[in-house]
Amino acid sequence: MAVKRSKKNPYLMPAIIAIALIVVLIAIITLTGKRKNGASLTETEIAKIDAKNQEQQNIEIKQDLSKKSEQERMQYYCGNFFNIINSKNYEKAYSLLYSEYKENYFPTLANFERYLKENFPSNVALSYTNIERLGDIYVLSVSVKDTVNGNYGHNFDMYVVLQEKDLNDYVISFSRNSAVREEE
Amino acid sequence: MAINPDFRLKVRHFIRDHYKPVLIVLAVFLVLAMINRFLMGRDYTGKPITTFNPNVPILDSTSSVASVPKEVSNEFENFIDKYVGYCNNRNYVAAWNMVSEDCKKNFYGNNYDLFVKYVQQKFDGNTKRYAIQNYSNVDGQYIYNVKIFNDFLATGLTNQTYTYQEEKFSISYDKDKNLVCSVGNYMGSNKLNYMASNDYLRVEVTNEIDKYSFIMYQVNFINRTNHIIVIQDGLTDSWEIGMAIGNEVRPNVDDVQIVLQPGESKELILSFDKFYDSVAEPDGIVFNAVRVMDNYTGNVETAEAEIENAIDKFSMTIAF
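Just so you know, the sequences run in chain order A and B. All residue numbers for the first sequence refer to the working numbering, where the first residue is 14 and numbers rise by one. All residue numbers for the second sequence refer to the working numbering, where the first residue is 1080 and numbers rise by one.
Not one of these hints is a red herring.
Computed beta-carbon distance windows for the label pairs:
#1 A:S79 to B:Q1200: 40 to 46 Å
#2 A:T160 to B:N1132: 37 to 43 Å
#3 B:S1146 to A:S79: 23 to 29 Å
#4 B:L1193 to A:N117: 31 to 37 Å
#5 A:S156 to B:Y1191: 45 to 51 Å
#6 B:D1160 to A:R127: 35 to 41 Å
#7 A:S79 to B:T1285: 56 to 62 Å
#8 B:V1110 to A:M26: 21 to 27 Å
#9 A:D77 to B:D1203: 38 to 44 Å
#10 B:D1160 to A:S112: 17 to 23 Å
#11 B:D1203 to A:R127: 30 to 36 Å
#12 B:S1146 to A:N117: 37 to 43 Å
The hints are simulated quantities; they were obtained by calculation from the structure and are not laboratory data. Source: prediction; values computed, not measured. Idealized CB from N, CA, C, for every residue including glycine.
Chain A extracted, bound-state conformation (with noise of 0.2 Å):
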């Protein structure tokens, strides 16, 4: 009696080597631009991969800010932007600044460094109280709380003027004398 052999199926090896082919395509791919661990960066490696991680952050925000309403977004520019002072990063809220305002109130980045460090709680809270429209800007009405000392604290209410240039792409400006004590 005859053995019947099973038939060897003619597809089965294309196959398997087009999924092994997949998994080490998919691989590469997760694995492209990934360092092994325990190698060592130069400076500028870091700086690309500081610069890379900066533009996926801000490609996120733009999309995130893409689903915003504008009022939102411009209490997301304001916040921004005092969140930045907060952090004390004084040299990336100038760049902000409409340089005209620049221009008229604070010429070099040492006058608004002194003029916060004066006249600005070292943590502040905002609240809306108005946020209209005008062509292109935006005037924001703001209480600006200081979060450290409460109600005995430094607290006042100031203008903030917008202009959207793109999402997250702004020039800001404000009530400057809003927050200078007034002479006891």
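Since the structure of chain A is already known, use the hints to place chain B on it.
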């Protein structure tokens, strides 16, 4: 470590029996992974969505045209930009040349100096920003609301109060197809020829001047008697001058005394509330409490007695 032959066999059998769906799932996964990577790598190019639509009228329900046609909207925006630029740069002659002949004549009385004074008052020597919003469009006139304000971005409103000036501009083409504007809320004017008369008084309406939020009539009053005729002095219990429009009578908004001495003629402007783009048309002017008197002092204390002793009292309507 050697793989269990039984397990190896099971895997082989599984792959042999199900390689097609496995292949498809993996291929789909790969494609999705690649698309995801491609999209994440791209810069986000979405533009901020705002409520700023300067060429979509606010009052579209009453407008004959829903919005400013795209072919001309840029032209209009540039026109207003140019006008404000001239005013900012104190090039008043160039700004004056952009004003319609009708506006020059009927709003400024062809007085260039009056126009300059008007602009200087608006711009007060500072460089202003502006914001426009199409308001409504009526018979070839494109009405824009124009807000004029200080450069708040440059000052951050430091030591300033948040205020702005607002007026309506009417943009249209003149007979030579050049763009012209009417400023200061002036919309246009019409020559009229309406008259009402009796033994005491003759009233003629000769001109209609349309501002955006009110209508003004140029009226000639002629006293045909040797008595004093009182048309408006605020000393009667009832309203004195009104504009009949639809089912209502809108009072005259000018707080002016109209008293004609014997034989006297007077030309006056009477104003009434009416939006230029409203559908309702005025039916006429009603002079509701005209008094013919010999003794008139204009005194509140004696007014009642003087009205009681009037020679005659009547109401007169000029129908349009």
